[in-house]
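All chains should be built: construct the whole structure from the sequences, respecting the hints.
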Amino acid sequence: MQTFFIVAILALGFLITFQIAKASEYVAVLRGYEKSRKQTNKLNGFMLLAFLILGLIGVYYCNERLKGKILGEPASDHGVLVDRMLYVTLAVTFVVFIITQVALFWFSYKYQESDKRKAFYYPHNNKLELIWTVIPAITLTVLVGFGIFYWFKITGDAPDDAMQVEVVGKQFGWEFRYPGKDGVLGKKYFKNVNPAANNPVGQIWEDRYNHDDVFVEQEMHLVVNKPVKLVIGAKDVIHDVGLAHFRMKMDAVPGTPTTMWFTPKYTTKQMKEKTGNPDFVYEISCDQMCGKGHWSMRGTIIVETQEEFDAWLASKKPQYFVANPDKDPSVKRDSVIASAPVAGAVINR
Amino acid sequence: MNVHSGVAAAHAVHHDDHGHGHHEQSFISKYVFSMDHKTIGKQFLITGMVWAIIGGLFSVLFRLQLGYPDQSFPILETFFGNWAKGGQIQPEFYYGLVTMHGTVLVFFVLTAGLSGTFANLLIPLQIGARDMASPFLNMLSYWFFFIAGIVMLASIFVHTGPASGGWTMYPPLSALRQAGEGQKIGTDLWLISMALFIVSSLLGGLNYISTILNMRTKGMSMTRLPLPIWAMFFTAVLGVLSFPVLLSGAILLLFDRNLGTSFYLSDIVINGEILPNEGGSAILYQHLFWFLGHPEVYIILLPAMGMVSEILSVNSRKPIFGYMAMLGSLFAIAILAFLVWAHHMFVTGLNPFLGSVFVLLTLLIAVPSAIKVFNWLTTLWRGNIRFTPATLFAIGFVSLFISGGLTGIFLGNSTIDIHLHDTMFVVAHFHIVMGVASFFGMFAGVYHWFPKMFGRYLNNTLGYMHFWVTMIGAYLIFWPMHYQGLAGIPRRYLDKKGWVSFNQFGELDKMITVVSIIVFAVQLMFVFNFFYSIFKGRKVTTPNPWGANTLEWTTKINPGHGNWEGEIPEVHRWPYDYGKDGRDFIPQTEPVGANESKH
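Sequence order for the protein chains is A and B. Using our numbering, the first residue of the first sequence is number 1, and each one after it goes up by one. Using our numbering, the first residue of the second sequence is number 1, and each one after it goes up by one.
DEER-style ranges, computed between Cβ atoms: (1) B:S248 to A:K272: 45 to 53 angstroms; (2) A:K110 to B:S248: 50 to 58 angstroms; (3) B:I335 to A:I99: 23 to 31 angstroms; (4) A:A23 to B:F80: 35 to 43 angstroms; (5) B:T223 to A:K110: 30 to 38 angstroms; (6) A:K226 to B:F80: 49 to 57 angstroms; (7) B:N271 to A:T3: 34 to 42 angstroms; (8) A:A23 to B:W143: 38 to 46 angstroms; (9) B:K539 to A:L15: 22 to 30 angstroms; (10) A:K38 to B:E596: 25 to 33 angstroms; (11) A:K226 to B:V514: 46 to 54 angstroms; (12) A:K272 to B:F255: 47 to 55 angstroms; (13) B:K497 to A:K272: 19 to 27 angstroms; (14) A:K127 to B:F255: 52 to 60 angstroms.
Derived by calculation from the structure, the hints in this document are not laboratory data. Keep in mind that this is a model prediction, so the values were computed, not measured. Backbone N, C-alpha and C fix where the C-beta goes; we use that ideal spot for every residue, glycine too.
Written as structure tokens, this is what we have:
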């Protein structure tokens, strides 16, 4: 019934609008077409000016309403560079925006049709063309210069003391692997992937670098003020590791590993205080369309102190021992039973 | 005899196709399998409008989900059954809608609907030709487009639903049937439809190029061409050089899907199944796609730019400022369009050095764009402007092109793109600069050349309402959307409640949804105005209602096949002598007087 009313009202609205429009044509004929055309012209000229003024007020109002809702201070060193570049560009483009939009609507209003004026025959002026070729070119050169300078800083090699974490995207969740004490991620091969046998990323067990690698899901732990290099891959389709708070992003491509590095500036605890939000958490969003669960492909990051991190990592058993309980020195006796629920959890994901 | 005898000369030119030209044309050969460029233009326009309504409706549906993620709309279940179980749009359906919305509007409406319509209508009329170089290929071009449309339409109705991998159709998602419902038969149909569409586009493009180069009337040198024609020329060149690359990309993808090849596939474990493919590159597809995909942006924009230049000049009663600079900037944009594709791929793991080269080339394109904007502004300056609906849409185009162009400077700079890539900022940017702006160019063209197409005017009052609601609505929808992107909200997120960082824009999403429904309703009003005015609009009483210089206004009010009854007029000057030597306008056909000042 409600639907019917909505449709009826819409139809009525259409009808009324259309009748008004039709009537206006008749009125125009009655009053003299030329005369009513000139009146409409004045009205539209005025509307253009009004649009400019109200529009600029709207831009200001929109900014006041929404500026508090964007992410606030960047939480990584690279994020600071990204934001700086963003605000520099914003300043430059805002000036251009104001100048050109004001000129556009002001000229439209000012030079609307009038019997008193004749249009000015002005086909070209090479000096003017040169001015507005050169000035944008110089401005853009500056923006490109800064941009590329920051770009190379951000995409350059990670420092030698950076910790490494492997990130693997899959429909629809995140997996992480830590290199363990040796600091080296062991080799893997996709045909070894076998969650049922506790080998979710396809580690090659013969590679001894794999023996201390730790595997976790959905929640990544990082150390504050310590550079981290993410080695990124995907199992099935392209995903994207989006870290909005750190202003970092990199695609996860099956078959082609990618990397990115940054240094987290604040622990999760510090961010809770900074944002005044007790529920604050660093989130990993998938930014590349990956299927029906794309919108819910969420991971989290805990940034903590080195001590907290070490304690956390020590509490995790290397995946080598989970997959090969007979090799695990700590659980000799009832190893098989202990690892069974873990395997089940992996399959169900 | 409904074909005028004076057209006989035209029929002699392409005698083979028109052996029966002097007989009464049947309904089918006049309106369905027509080879008259004007009719084909109208066919493209009306088909494009049908697709625009479908594509627009899709956006209204997914905006409902975005604005009201918790609300149930039982009517959706009535229409869409399981796709909207419980009155809520299901994720696979949502992604199908998004994918179809993008595909339909980018390719069917703003490529075929825009250049198909106006290249066909304007090229022969403005260069002084009886028809296209090959009217037959021209007809085929439309019918390939039509069939492509049918295949795409069919894909919406298959059991597993339409393609749902996004309009860019990136593999491996689009290559693997296991990846989801939309990756089954829907994606195959999408690829086949696209291949047919590309054939249509190539047939059209080759025709436009050869017509412009070979069939200009006497005196119509290249530098006397009206700017819409130059724009269509560069558009066609872009299309002819880049569409084949997408075709190859699509065919390789079809191979990967159906023949077990590994062009794009490597190291894949999906749903617990280990695929045998090794050595392919998923990124290869992105290079092939964007090698078309970026020129495609300009395939959409250039015709709008050309028409806006013409309409602003005619209605401000002033020559377009800097004709040669306008031409040069079109040329620069066309060249640069081929050299910037990888700015869509800054975060794919692209070599950073290569990335920096693409930053430079991408931001370079802002220079010719700036030249165009300043020239439009100077064209308006000290003019005597008539605000026809076409003029308003042209002014709106410039405003949107500035707004959307400037946000391109953010995205083209790879440093900022790291944060903004694939967020709502991108959605806001390209909708303003490519979507709405080109639509404005298209509307401007329809309002301006409707009298030539149908011998009647569109209703002005509805036209003004159409403009103002769309203009205000477009900014209300897309301006605040930038803030969602700055907050890092990714594209194609249909519900953000599960997120701590992205859940703060509920009210804004509602507002955008309401406005987009209103704007959509007003477009329906335009469609109504269009069809009503074809039959009942105010009649055009003078052959040159806008007082324009170009050749199309030297034909009869309703030109028949062949366009001019007698000889094709000869051209003596450029098309922009408005307000020269105290005269309001001097048509191109008028010889240059002895005492006339030089420009």
